[in-house]
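Go by the hints and put chain B onto chain A.
There are 2 protein chains.
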Amino acid sequence: MPQFRKDPVNGRWVIVNMETPRVDFHLPKHASSTKTCPFCPGNEAMTPPAIMTYPAKNPAESKSAWQLRVIPNKFPALRIEESAERTGIGIYDRIGGFGAHEVIIESPDHHRDIADLSPADAELILRVYRDRCLDLRKDKRIHFILIFKNQGWDAGASLEHPHSQLIGLPIVPSRLLGEVRGSADHFAQTERCIHCDMLDQEKLDKKLTIFSNDDFMAITPFASRFPFEVWILPKNHAHSFDSITDEKLPGLASALQATLRKLKKLLGNPAYNFMIYTSPIHGREAKSFHWHIEVIPHLTEVAGFELGTGFYLNPTPAELAAEQLRSVEGEMS
Amino acid sequence: MPQFRKDPVNGRWVIVNMETPRVDFHLPKHASSTKTCPFCPGNEAMTPPAIMTYPAKNPAESKSAWQLRVIPNKFPALRIEESAERTGIGIYDRIGGFGAHEVIIESPDHHRDIADLSPADAELILRVYRDRCLDLRKDKRIHFILIFKNQGWDAGASLEHPHSQLIGLPIVPSRLLGEVRGSADHFAQTERCIHCDMLDQEKLDKKLTIFSNDDFMAITPFASRFPFEVWILPKNHAHSFDSITDEKLPGLASALQATLRKLKKLLGNPAYNFMIYTSPIHGREAKSFHWHIEVIPHLTEVAGFELGTGFYLNPTPAELAAEQLRSVEGEMS
Chain A
1 MPQFRKDPVN
11 GRWVIVNMET
21 PRVDFHLPKH
31 ASSTKTCPFC
41 PGNEAMTPPA
51 IMTYPAKNPA
61 ESKSAWQLRV
71 IPNKFPALRI
81 EESAERTGIG
91 IYDRIGGFGA
101 HEVIIESPDH
111 HRDIADLSPA
121 DAELILRVYR
131 DRCLDLRKDK
141 RIHFILIFKN
151 QGWDAGASLE
161 HPHSQLIGLP
171 IVPSRLLGEV
181 RGSADHFAQT
191 ERCIHCDMLD
201 QEKLDKKLTI
211 FSNDDFMAIT
221 PFASRFPFEV
231 WILPKNHAHS
241 FDSITDEKLP
251 GLASALQATL
261 RKLKKLLGNP
271 AYNFMIYTSP
281 IHGREAKSFH
291 WHIEVIPHLT
301 EVAGFELGTG
311 FYLNPTPAEL
321 AAEQLRSVEG
331 EMS
Chain B
1 MPQFRKDPVN
11 GRWVIVNMET
21 PRVDFHLPKH
31 ASSTKTCPFC
41 PGNEAMTPPA
51 IMTYPAKNPA
61 ESKSAWQLRV
71 IPNKFPALRI
81 EESAERTGIG
91 IYDRIGGFGA
101 HEVIIESPDH
111 HRDIADLSPA
121 DAELILRVYR
131 DRCLDLRKDK
141 RIHFILIFKN
151 QGWDAGASLE
161 HPHSQLIGLP
171 IVPSRLLGEV
181 RGSADHFAQT
191 ERCIHCDMLD
201 QEKLDKKLTI
211 FSNDDFMAIT
221 PFASRFPFEV
231 WILPKNHAHS
241 FDSITDEKLP
251 GLASALQATL
261 RKLKKLLGNP
271 AYNFMIYTSP
281 IHGREAKSFH
291 WHIEVIPHLT
301 EVAGFELGTG
311 FYLNPTPAEL
321 AAEQLRSVEG
331 EMS
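Just so you know, the sequences run in chain order A and B. For the first sequence, my numbering begins at 1 and goes up steadily by one. For the second sequence, my numbering begins at 1 and goes up steadily by one.
These are computed hints drawn from the structure, not numbers from a lab. Any given hint might turn out to be false.
Note that the list lumps identical chains together, so a pair holds whenever it fits in one copy or between two copies.
Unchecked claim - Below 30 Å or equal to it, Euclidean Cα-Cα: the simulated DSSO-like pairs (lysine-lysine) are: (1) 6 x 206; (2) 207 x 6; (3) 264 x 6; (4) 206 x 140; (5) 6 x 287; (6) 203 x 264; (7) 140 x 207; (8) 138 x 207; (9) 6 x 235.
In isolation and in its complexed conformation, chain A is listed as follows (with noise of 0.2 Å):
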């Protein structure tokens, strides 16, 4: 089973493999078929059975049945069935790995990632991930809900079938504590929300924006980590991703593919992560947060320094990032 670790120094839990502990790192990344890829039409048994199927709009024009399939993670970093009890050996602190791992295949198409979906079925990613987030909150253990997606082997990704993940801890991580705190300070001093602020702010100066439409806007943020980083955020005020209505996921949806299309034209299809960071739910919702989604393209490597400050090194600066951005189209090529 799964189990949660406690560093006892610094308090940072980590997730460690207790079942299919992986000892050999000698295997070449490897390049997947569509004959042996596990989320392709006609391999549906290769994977747990689906969670949800959602079914092609046309399934005679269609090679698939379906057009988008949510299974259970086939090697779970979490499990539903696990308990969340804590334990000790000695000085350490353990928790038993509780949680939920899911994974979304987001097309049939072995090889269009979301920049190349059309906007519907684009659209539907994103109402997915909603939907799932809705199921998963009646589960009053789960205090996260993290999703996120490794797009090509350089971003971690281990199959290269376009999918994403969706991880519920029953623990909310440090990393977004800070930012609910930075959040809650921030509203107790002004009454309004930092990333508000920050958008207001952007609307005059227009020298970080890289896309907008009426409910969204890309930015390439002004401490941003990564070369080529970008946010995107809903204008107005709103704390969790799960309360997204239906007639804003179209706007989300555009905001999202603009992004990554603008990221592969100019960077030659970069391997990418994003991030759909959103409140804790159950009692430590987080009013003053506001939700945002982060896209990573992954250009540099985490190295000494960030490991050993957790401070980064940006090579690009973030006005320079968007002016780029800014020049190439976002349009479907």
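Below, chain B without anything else, positioned relative to chain A:
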């Protein structure tokens, strides 16, 4: 000039390169040759003038007049000539790019890493680390010094010739502050050092040790973030790396070389990072902190989950990594 920028939400600092910003990431990772390597003997004019040069013991028998050079980084993240002035842009905070950024060219040999050097040559590297710290301590504006090494492209090295780096910062990084606070809290409760407690528990358990001599122990920490992560700790409590005496340097060199050789043999010469964690300086000194070296082979990518939560997913339990590392020799082969 370089610039520190602060994220207004979570307070995280980033160092941004304003002078030689990078926008082109299409360049392939290049294999460097000894002819064009700025760190090889004969090419000294390609680097800034050395801060210190250690002569070769037998220059007549050696291809190089020097055994080790310390130079200012040619593309420094920070500069000692900059001011540490704080300025604001609306809601955002900036600090001028004051700091030290030095490169330690570990030996004249382009192809021999620390693991492959003679014990005396490895010891010299550690002595130089200490002496540079003692020298930079004299500048009261520097509050923290990180020594780190990126070995291999995948670990973020930009040049192949074995080298390490030193960065002196006007701020104590939040990650270090967290460890300092954790150590101080434990000491306040127990009047004991938390790292000494870890070593005491390990002396009984013996599950995590991979190497031990009179003064140093190398262990895989219980809450390892990464597969085959190793920490090297002095057995007797000491808060500051630069307090190490000449008598103890050979033992530290031996522990570091044995660790690197074991990783090399077991994992097929992986890229790796190491960082020396030591107490802040100048009034922020933390006597309950226990200095140590963290060695991290680069086997997996930091991906969306880690970026999103600050949590880590580790596929290899520490005790299993230790068992495997004990099974290979740490002697020079």
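| query | So which of the earlier hints does this model not fit? | reply | Hints 4, 7, 8 are the ones this structure does not satisfy, whereas the remaining hints hold.
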